[in-house]
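Please put together the full structure from these sequences, using the hints given.
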Amino acid sequence: MTVDAEQLGEHVPIVLVIDDCEDVHRLLTARLRNEAMELVCEISGEVGLERIHQLQPSLVVLDLEMPGMDGFEVLRRMKDDISTSDIPVVVLSGMQSPNDKVTAFDLGAVDYITKPFDLMELRVRLRAALKMRHLIQMLAQRAQIDGLTGLWNRAHFDERWSEEVKRAERSGSPLSLAVFDLDHFKQVNDTYGHPAGDAVLQGVARLLQQVARQADVACRYGGEEFVVIMPDTPPEQALNLCERVRVALSDTDWPGKPSREVTISAGVAGSNGPTSTGRDEWIEIADKNLYRAKSQGRNRACMTHVGGAGPRLADAG
Amino acid sequence: MRDEQEHPADEPLVSEFASDPDMIEIVEYFVEELPKRVQAIRSAVTDSDVQSLRTLAHQLKGAAPGYGFAAIGDAAGVLEASLRVSDGSIEGVMGQVEDLASLCQRVRVR
Chain A
0 MTVDAEQLGE HVPIVLVIDD CEDVHRLLTA RLRNEAMELV CEISGEVGLE RIHQLQPSLV
60 VLDLEMPGMD GFEVLRRMKD DISTSDIPVV VLSGMQSPND KVTAFDLGAV DYITKPFDLM
120 ELRVRLRAAL KMRHLIQMLA QRAQIDGLTG LWNRAHFDER WSEEVKRAER SGSPLSLAVF
180 DLDHFKQVND TYGHPAGDAV LQGVARLLQQ VARQADVACR YGGEEFVVIM PDTPPEQALN
240 LCERVRVALS DTDWPGKPSR EVTISAGVAG SNGPTSTGRD EWIEIADKNL YRAKSQGRNR
300 ACMTHVGGAG PRLADAG
Chain B
0 MRDEQEHPAD EPLVSEFASD PDMIEIVEYF VEELPKRVQA IRSAVTDSDV QSLRTLAHQL
60 KGAAPGYGFA AIGDAAGVLE ASLRVSDGSI EGVMGQVEDL ASLCQRVRVR
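Protein sequence lines, in the order shown, are assigned to chains A and B.
Using numbering that gives the first Met the number 0, read the first sequence as starting at 0 and increasing by one per residue.
Using numbering that gives the first Met the number 0, read the second sequence as starting at 0 and increasing by one per residue.
In case anyone wonders, no lab produced these hints; they're calculated from the structure.
Note that the structure is predicted; figures quoted are calculated from it, not measured.
Even glycine gets a Cβ: it sits at the ideal position worked out from N, Cα and C.
Some hints could be false.
[Unchecked claim] Listed below are the simulated EDC-like cross-link pairs for lysine to aspartate or glutamate, each with C-alpha atoms no more than 16 Å apart in a straight line:
| no. | chain 1 | residue 1 | chain 2 | residue 2 |
| --- | --- | --- | --- | --- |
| 1 | B | Lys35 | A | Asp22 |
| 2 | A | Lys130 | A | Glu162 |
| 3 | B | Lys35 | A | Glu21 |
[To be verified] If you want the ones that stay clear, here's a sample from chain B, every Cβ over 12 Å from chain A, calculated:
| no. | residue |
| --- | --- |
| 4 | Asp19 |
| 5 | Pro34 |
| 6 | Val44 |
| 7 | Ile89 |
| 8 | Glu97 |
| 9 | Arg107 |
As structure tokens, this is what we get:
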């Protein structure tokens with residue numbers, strides 16, 4: 000649903016060592032025993048690359064000279080693959096020539112340690128690489144979080160929504176999208192001031208986080224608009240979720256603030272199975288339903304099916 | 000390379016990590032396995048297998064210092080470098096092989 004500690008990398012980082020020399024495995028395992036990292040060792044480029052995909056480690060320590068697939072090739076393939084291109088690689092190699100170093104950095108390595116290596120130096124270099132990785136991840140995530148509500152922001156929605164539409168199209172699984180818009184929000188701001196308006200936006204965000212399930216993606220779309228992506232969710236179920244949000248919000252007391260109730264309208268687009276509807280078309284359909292909910296008197300949720308056997312309407316509220 | 004006169008031929012060669020509790024277990028392992036490595040080096044010499052000899056020397060050069068045996072790493076490095084200049088002649092590096100082997104014979108855990 001929203002951003003949790005694990006996504007921010009608070010768990011123990013996995014460091015994958017790929018080296019054809021088992022002495023290196025033994026030495027690193029002994030020397031890094033007390034570090035805050037989980038060490039996994041592999042003996043060849045081929046197996047190592049497989050493990051990178053499987054484990055998604057926080058850091059790869061890579062030997063260059065290996066029989067079969069060498070380190071340069073592992074690095075090249077990692078950087079060519081979007082699912083592994085962000086994983087930092089520290090090269091650990093007996094090759095000392097500046098050319099090899101330049102090639103490794105050109106291919107995307109973040110550091111280069113020559114063998115025989117000093118274990119103290121190696122330890123601090125790995126720490127530095129992990130710290131850098133952690134900071135970069137934090138920045139990337141911060142750039143996708145809405146400052147006021149803590150929900151994902153519009154940039155994250157745009158990215159995730161494209162992915163989910165493609166995924167549903169491939170797998171033929173259900174998918175739903177809900178668009179929420181607070182009713183008469185401008186009046187809240189005008190009557191009670193912007194701090195009160197902000198409190199309402201934060202309250203809605205909290206509600207969405209409570210109601211959304213683990214796989215749902217709740218975002219602030221902008222202003223007083225929110226969206227929730229619901230993977231593997233049929234439209235009827237999505238409409239249900241909107242109803243719970245709507246009812247809970249109109250039942251909320253706003254201490255010392257608006258004496259009138261705050262309400263929200265929602266539009267849902269959803270499909271039960273395979274559809275080739277495009278990402279923007281989905282949003283248009285959800286928006287039309289939101290408009291319908293507004294024009295029918297607000298404080299309600301409207302839904303239509305996407306793709307398949309033509310639109311079927313269903314409303315609630 | 001280390002000055003051989005500091006180490007008479009029969010004086011034990013002890014790991015510089017012999018008293019490091021983190022390391023002692025793998026140092027023991029290395030010392031136990033070392034005769035096998037020397038044996039492999041000798042077999043490569045007998046078979047005139049320059050490629051294997053180079054690989055074994057290269058691995059020992061990288062590994063030995065990590066276990067606290069810098070002198071062995073140095074000797075293996077000398078052997079590797081000699082192979083590079085001897086144009087694949089095993090005869091030309093016999094001296095370096097013997098230097099390395101006699102160093103290895105002096106190795107003790109503590």
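Of the hints given before, which are not true for this structure? 2, 4
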